[in-house]
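S.K.: Here the numbering used here = 1-based position in the sequence shown + 612.
Think of the hints as simulated: they come from the structure by calculation, not from any bench. Please note: incorrect hints may appear among the correct ones.
In the DSS-like style, the derived pairs of lysine-lysine whose C-alpha atoms are separated by at most 25 Å in a straight line are [what the hints assert, rightly or not]: (1) Lys-1063 to Lys-1049; (2) Lys-1050 to Lys-1130; (3) Lys-1050 to Lys-1063.
For each label pair, taking beta carbons as the anchor points, the in silico distance ranges come out as [stated by the list, open to error]: (4) Gln-1086 to Glu-887: 20 to 26 Å; (5) Pro-655 to Pro-1115: 33 to 39 Å; (6) Asp-1026 to Gln-727: 29 to 35 Å; (7) Glu-999 to Ala-1021: 37 to 43 Å; (8) Glu-651 to Val-740: 18 to 24 Å.
Glycine included, each C-beta is placed from N, C-alpha and C at the ideal position.
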Amino acid sequence: MGVAVYNGIKSQSLRNATVSDLALQRATSDPDREIILLEDEPPITNAAIVLEAQQLATGLQQLGMTAGDVISFQLPSWREAVAIDLAASMLGLVVNPIIPIYRERELRFILGDAQTRLLFIPQTFRSVDYPKMIASLRHELPDLEHVVVVRGAAKGDRLTRQTSPPNSSQIDYHRLTDSDSANLQTAAVDPDSLKVLMYTSGTTGTPKAVMHSHNSLARAIDNTLEAWHLDGGDLMLMPSPVTHITGYVNGIELPFFSDVKTLLMSQWQVARAVELIQRHAATLCISATPFLQELVDHAEQHNDDLSSLRLFACGGAAVPPELIRRVPQSLGQCRAFRVYGSTEVPLVSTGFTRPEQLELAATTDGKIDNWQVRVVDAEGRDMAAGEDGELWIRGPAMMLGYKDSAQTAAAMTDGYFHTGDIGHITADNAVVITDRKKDLIIRGGENISAKEVEDVLHDHPRIREVAVVAMPHQRLGEGVCAFLVVDGNAPDDALIDSKTLQPHLSDAGLARQKWPEKVILIDNFERTASGKIRKDVLRAKLAN
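Please model the complete structure; the sequences and the hints are all you need to start from.
M.R.: This is how it looks when you write it as structure tokens:
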């Protein structure tokens, strides 16, 4: 029996071009082509978005932004996010997308660690006052010079000295784009240079800054195009936020690297998704399990097979095999399949799409495509084929590393990234994930650090000890459960549960999706010989 090492790299050819290079070419050759569709706005065309990006880049240049500077955006899937991405590429800026649901705790760390000089935020989204939230943090962010408010009334260029450093400004987006792009001086950008910083939850509770180049992300896009044979007849529905790697690569950038159009959703609602798929004849989607589940349920309840949809790639959370099997019965020509990847190594597997591969699509996490994968034991030795071990992965679409070089060194061996996922490779060169080495919860496709939630709960005056674990969640795959040992000297009516903990979690500035949905009080934890809490025992209790 051989060892579990798979070399699936077919091609390492790289574009050696930036997204703005390609956008400029398309704006010249096909200026009026609609490339990105939006829910309630006119479509984005090649020429119009390039002009907006050029005007924005001119405004950024006038503010002193130069190649290598980090600009962040915490926006929904709006048109402005596309222009920001192109403008950053034109100037050689490093872009840092931030998920809109993040709050003070996450923003304080990300903006500080990235040394963000300029931040784009909405005036409001889902009832959150973003300028007020950022103003509360400005005194802790000495590098943050400018805040640009998108889709909000301008309140003057400069904040008061009481709410921000004297050299900082708050600018309306429209004012920033009211610039003569004839004065723009674009940068000569090396496609191998740093393009994006994306923060992903880590087991330590501190997010890790994943670095990608122009070329590494372009290779990830080409993997998708090649594996699924996508062309100008395809339209991708993208419900994932453009600040997540799935939405960023496949929602914003894909239409500039191919003839595939995208359709952006700012907020998932299954009835709205169905209406958009039908109106625009969407052909494919890459998203998390809950979205597929709800589409299938809707199709079965309303006898509507969404006939245009042909591919649905599902990942980021547990995917029940039976759900994959239901798709051909409920969604006509559509084929759903599991895929596997992460921000560090995007789309390692591209699934099984042919009708005769239904069982492989349902029971594996997809065929490895254009990556090298090793399955190793705790000492880094290759396992026998078919045996479970940690997956180590490398390939041309892999990250450059983490911003923190120590984190990179700890996560890499001989160019292979240690995924922290346990699994094996089948005889069909498919990957099967069976367990998770990392102490993470994957809720609806988003990684949540158990330790980050534990750290916040430990600050509660009545909690003596806490262990946060994943629990089964019918819609989102996994939810957040906190096991607590509490101070027994409090009055009997001083209850601690998921509801009474909410003020504490809110005051800590923790994003709402990280709040425990279930709280279980216990007297003591079972521990290993070395004193570690037996989280496997806690997870087993929730599974029963």
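S.K.: For every hint, state whether the structure bears it out.
M.R.: We went through each hint and held it up to the structure:
A threshold of 25 Å between alpha carbons decides the hint, and for Lys-1063 with Lys-1049 the separation of about 14 Å falls inside it, so the pair holds. Pair hint Lys-1050 plus Lys-1130 holds up; C-alpha atoms about 21 Å apart against a cutoff of 25 Å. Only pairs whose Cα atoms come within 25 Å are accepted, and Lys-1050 paired with Lys-1063 is accepted, the gap being roughly 11 Å. In this structure, Gln-1086 and Glu-887 meet the distance hint of 20 to 26 Å, their C-beta atoms being roughly 25 Å apart.
At roughly 44 Å, the beta carbons of Pro-655 and Pro-1115 sit outside the given window of 33 to 39 Å. Range check, Asp-1026 to Gln-727: Cβ separation about 31 Å, and the 29 to 35 Å hint holds. The beta-carbon spacing between Glu-999 and Ala-1021, approximately 27 Å, falls outside the hinted interval of 37 to 43 Å. About 19 Å separates the C-beta atoms of Glu-651 and Val-740, a value consistent with the hinted range of 18 to 24 Å.
Of the numbered hints listed earlier, those contradicted by the structure are 5, 7.
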